[in-house]
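Enquirer: Sequence:
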Amino acid sequence: MDRSVGKNYFYNLIYQITLILIPLITIPYISEVLGPTGIGINSFTNSIAQYFILAGTLGMTIYGNRTIATVRNDKEKCRSIFWEIFILQLVTCVASFSIYILIFGFNNKYSLYYLMQSMYILAAAVDITWYFMGVEDFKKASLRSTFVKLVSVVAMFIFVKDFDDLWKYILINSLSMLIGQIIMWFYVDKSFLKIKYLKNIHILTHLKPALQLFIPQVAIQVYMVLDKTMTGVLANETEVGFYDNSQKIIRLSLAIVTSLGMVMLPKIANLYSSGELNKMKEHLQKAFRFMTMISLPLIFGLIGISDNFVPWFFGKEFLKVINLMKLSSIMILVIAWGNVFGTQYILALGKMKEYTTSVVIGAIINFSLNLVLIPRLLSLGAVIATLCAEIIIAGIQLYYSKEIVTKEWFYCGWKYWISSVIMFLGVYFIGNLVNSNLVGTCIQIITGAVIYFVMLIIFKDKILIDLFHKVKLK
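Per UniProt numbering, the sequence shown runs over residues 1 to 474.
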């Protein structure tokens, strides 16, 4: 992995972890002061706003990222395309915002909360994160987002005191998002902001390719939300709670792994457009190996600590989450591999049809299995359905990537499997000796990390050796 990818991965990783960690820090406090009704109103009204954001952005984040990456070496063309994509995004988001306000902004018992949530749609309208991702400047986007999130946390603890402050809570979250997006405009190349670049632009040329990305995003959004909806309808709200909590730690782990995907997408797109196919394949193989190296210890580590971790973190009433989390952890490797095939290769090369096919089939499988499994197995059925869907998606994306993937990609992971299994045995053994609390879990995690890296040193792992060499050179 070259230095620019490493830095961008680090900055994007900071951002992704912040998105997950901050809710984990604030959830206990916010749940106490707002209560289940307040949390429910926020979640429900926000979910409605998210559909309008999805409709407004039309897949612009990934499309803009990839398109800017392919023209970033031609500054004149980059300027024109930047404005074409942004204006299209602005128009569609304003249209979506207007419809949202007409439907939910008035004569509704939650009108105030819907109005507060509407700022998320405005934030999406002025979002140009895709530009900075395309030019591989992840530092500005990541540090800006992290700073704004931290400020919003402080504001929550200061201004949100009881249920009557629910509107303040929603306002703090949505306004911080809008301010964060506006701040990004101060970092845009000043030459981009000249009026002359608004002439002779062709906005509609980007509509069709953006819509092609919009379809798989809808499929992803539907099956991510559908699990909770169907569990609530076919089982009960308690099972939804079990399912949701089992996914929180998995999402944190996935943030660590899949951050590399959005970083590698512009790199691969740029190499492909430049005709450097051998270099592109080399980068993808390194990314696959790195994903495997990170994913396997996360899986075995979560399985090893879950018995001790769940009771003190979620509470003893959530003991069912233990087995759900163990099974869900398998998704980390499946999604990581799918990220290489889907995001880093298929999307980077503009193979929209193939990507859409994989995700839509996955969504159909997920929906069908939910219908069969949830009534019988409750939240466990939802986990199994999601896992099966992710395996199907990754399998289809592997098939579409067969021209670049070789057996060597999978064979090189044997040392990570062995190291992870040995690490698991150590973590599980320590778990029987320590108490179920924060200190006990930290001891397990530190023990596991030491065992895993010692094993990689013994195996003389190439990625680790290269990392040590780079550190020495600095």
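Just so you know, the hints here were simulated from the structure itself, not pulled from any lab data. What you are looking at is a predicted structure, and each value in this text was computed from that prediction instead of being measured. One or more of the hints may lead you astray.
Straight line, CA to CA, 30 Å or less: simulated DSBU-like cross-link-like pairs of lysine-lysine [unchecked claim]:
(1) 228 / 407
(2) 208 / 75
(3) 353 / 281
(4) 353 / 316
(5) 402 / 286
Enquirer: Each hint should be assessed against the structure and marked as holding or not.
Expert: Evaluation of the provided hints:
1. 228 / 407: Violated: residue 228 and residue 407 sit about 37 Å apart, past 30 Å.
2. 208 / 75: Roughly 24 Å separates the two Cα atoms, so the pair holds.
3. 353 / 281: Measuring from Cα to Cα gives roughly 21 Å; hence the hint holds.
4. 353 / 316: violated (46 Å)
5. 402 / 286: With a Cα-Cα distance of about 16 Å, the restraint between residue 402 and residue 286 holds, given a limit of 30 Å.
Of the numbered hints given earlier, the model fails hints 1 and 4; all others are met.
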